[in-house]
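Asks: Chain by chain, the residues run as shown.
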Amino acid sequence: MRSFLFYLVSILVGAAFFLFARWVGNDYLFFAGYTVLQFIVLATAWNILGGYCGYVNFGSAAFFAAGAYSSVALHKLAAGIDKIFPESLAGLMNMILPLPIPILIIIGGIVSGVIGLGTGYLTLRLRGAFFAIATLALAVVLQTLIVNWDFVGGSRGAYIIRPNDIPILGSYIQYLFLVMLVLSVIAIATARIIERSRLGYGFATIRDDELAAEACGVPTLRLKLIATTISGALMGMAGAPFPYYIGYLEPSSAFGLAYAVNSIAMPMIGGTTSWVGPLVGALLLGIIQQVATVTISSAVNLLIVGLLLVGFVIVAPKGIVGLVQDFMRARASDQGRPTWRSRLAIFANMRPGAR
Amino acid sequence: MASPLLEVDNLGKRFGGFVALDGINLSVTQGERVGLIGPNGSGKSTLVNCMCGTLQNESGTVRFDGHVVDGLAAHQRTHRGMARSFQLPRPFTTLTVSENIRIPLLYTANTRRGAHLSLAEITARCEELTGLVGLAAKADKLPRDLTQVEMRKLELARAMAAEPKLLIADEAMAGLSQSEVADIVALLIKLNERGITIILIEHIMRAVMSFSQRLVVLVSGKKIADGPPNDVVNNPEVIGAYLGQ
Amino acid sequence: MQFELLINAIIAGLLLGGLYAAVTVGVSISFGILDIVNIAHPAFIILGSYIAYIVNQTLGVDPILTAIIVLPAFYALGAAVYQVYYASFEKRGQDALRGLAFFFGLLFVTEVMLILVFGVDYRYVQAPYIDYTLHFGFVDLPLRMLIPCVLSLLMLLLLQLYLSRTFTGRAIMAVSQDQLALQLMAADPIKIKRIAFGISIATASLAGAFLIVIQPLEPSVGREYIGRVFAICVLGGLQSLPGTVIAAMLLGIVESITATFYGPSWAPAVAFGMLLLTLAFRPAGLLGR
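Chains as they are written, first to last, in my numbering: chain A, -10 to 344; chain B, 142 to 386; chain C, 4 to 292.
There could be a bad hint or two in this list.
[Said to hold, decoys possible] Label-pair ranges, simulated between beta-carbon atoms:
(1) C:193 to A:13: 55 to 61 Å
(2) A:-4 to B:323: 51 to 57 Å
(3) C:176 to B:144: 48 to 54 Å
[As the list claims (entries may be wrong)] Restricting the straight-line Cα-Cα distance to at most 27 Å, the calculated cross-link-like pairs of lysine-lysine (DSSO-like) are:
(4) B:279 to A:307
(5) B:306 to B:363
(6) B:279 to B:331
(7) B:331 to B:306
(8) A:307 to B:363
[Stated by the list, open to error] Just a few of them, taken from the derived set where beta-carbon distance is under 8 Å, the chain A residues facing chain C:
(9) 3
(10) 45
(11) 117
(12) 122
(13) 125
(14) 126
(15) 257
(16) 298
(17) 313
Derived by calculation from the structure, the hints in this document are not laboratory data. Where is the CB? At the ideal position from N, CA and C, for every residue including glycine.
Only chain A is shown next, with the shape it has when bound in the complex (with noise of 0.2 Å):
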């Protein structure tokens, strides 16, 4: 019962904030708005591997940037399929590609949990912090390896040239919304499928004590694996949309800072433990920096997230998800009662480690 208020409760939002924004006109609120959703993915993917289970990972832009650049691959190879592809092939390619979106998310969702498993199955038998530390190195060498494969434009960048309009719905960007407004449902229902499971239980034992978990009988590697992939092949659907949104993608951007940041800083801020941390930082800290980057400078709204970052690990390590909890659990226990705000926090299920 608690499932389906949960998706009714989603769907209305998100279509009432896409009714809201076709109503005012401007097209802006649909880019603004794809960014936050693009964070929501990120920051919940994130959660997945470091707020469950304990291990960060520094190279979100790799996994991101991953599915950006399959998405650029499979658009060159679409442009150039009579260059490509012999003529015998040639027919049949052309009825294929390109690809609609979904697909491209799909496949862009695929390579990239292929790269987390991978970068998994190298590190994740180490500590923490080396497998922290190779991330950082994941996402650099991968950067190196675009920049020189001219096939995707290298440091060039590449254009992908996007359809102006789509039929029933109007502008482009409209649909791009409305595809990440969906995958971002698919994102927190993810993670919210996970931390009621028997694997939630099993990522808190691997963030808690690994050896302990071990003792118990819990596959750590295995289970670590799994987080490692789930969370990549997200941010990898999260990429494949974005040179369609963006119309030139270069490296730079595409490996930039602010992904990885921004995807530690949103559930670190909002809270680790469920799913609503990283939904909360993630339209907290998107909303504030769209407003920042329109008012007063990109450079500017990343130092704010960077000096929030840092506040909240140190004062506030529970997050803001963390401080109405506790906030919550002070006010129920006054009567013993179940009051509208426990209420709220059991509806909100966060667990396990949820306290």
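Given chain A, work out where chains B and C should sit, using these hints.
Replies: Just chains B and C now, kept in the frame of chain A:
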């Protein structure tokens, strides 16, 4: 003569230049109650870690239930039926007492070939175990709200939740009162009667003597005695190295 | 011709290795000995570079001299950062996640502030030896690389002596192994760690000066060095200073040869690639146990 459940064959473990275990031979038959004693730092916990897979031994072999387990990860050995409690309790700090006990049920008891426990059964066994160690009242509390003694009981309950063939209790009774010690010993004996082989590592001699059918003594990484408890405690070498007067 | 190119590449690599060793030694202390994953270390180095740059621009003072003068300030900064780290994380027994996020935040904030103050243009320093190159036959020894390399090795030698001969130095080595024994010897582990971390950041001051003498800089260069620093640290076997030097030289040579024969756009990947390989196959390092 049944083949031993656990066979430790010439096990060796070093940390850098320090020899923690030197050629340990140990054999435990199904259903036995073995006590393992020795001064602090003699290698008892290291031996447990090597047997259970938390550490990898450099030399020698460990055989459990007829199969060599060297090289297997700790969780695989737990699946095969070895369970242990940690000397310094290592609870899952963000999970409640009840959830802590649930983990081995979810990941070990539930995944053995042929076993498929329903959610209700898991919950029932979880509650049973929580009550068995006297933690029913604190089932929904976090480990940080427990006393030292209660944390040790949680450690033991968690090891029991893995439904092992062999249970290794590493100083599970430190700090308990006389009656609590007696309760735990009674509990372990009852488990043994159900068929679980138990190795008890302890300093509390009264508990060790009343519990063990066989006593093994470890000093400075070497086994110096292995036999019936009364013989062992009267062994002059053991008295000199560990027991005192 | 190829042979001469190779020799020069190797020599350039060795000289570069000297710099890399200076850049890494701070992390050898903070990560190898204190077990603190200070990924913000390159940020402190770049900070040192920019301070040397400003003083050089306004007062014309030699950058390396500036770094030496500013050393105590960096030491104090390191001690202060450690205090915050200890009070917020180590004492509370927080999981490693938050400590990492903290340093990552520091790294990031430092870089962004430098961008806001100095912009993204490359900055460089002026000093008499920077444009001067010694020639021995076909071998070229640019002074701007030779001097930092020599000074760096000197700094490492002094550190090694300090860590092995003085009481505080040995206490620092001991704190990584046995805190209780240290306390019994009437040394406060927290104070020892604070001193060690302070020293670690102080080395960043010098490393920063070396860096800007060797190459022009802009704020994001720091991030390139994260991979190098940890690659060298892990390859060299974490706690070993001699290992750090050897690994640094090795990395320098491999990078230099790659840049000479395959082009400079591949250079950043070398360090990180080596790091990934080392972590995957030989995490104890070349000289590690």
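Asks: If a hint holds in the structure, say so; if it doesn't, say that too.
Replies: Here's how the hints hold up against the structure:
no.	hint	in the structure
1	C:193 to A:13: 55 to 61 Å	57 Å, holds
2	A:-4 to B:323: 51 to 57 Å	55 Å, holds
3	C:176 to B:144: 48 to 54 Å	49 Å, holds
4	B:279 to A:307	24 Å, holds
5	B:306 to B:363	26 Å, holds
6	B:279 to B:331	23 Å, holds
7	B:331 to B:306	14 Å, holds
8	A:307 to B:363	47 Å, violated
9	3	30 Å, violated
10	45	5 Å, holds
11	117	5 Å, holds
12	122	5 Å, holds
13	125	6 Å, holds
14	126	4 Å, holds
15	257	5 Å, holds
16	298	4 Å, holds
17	313	19 Å, violated
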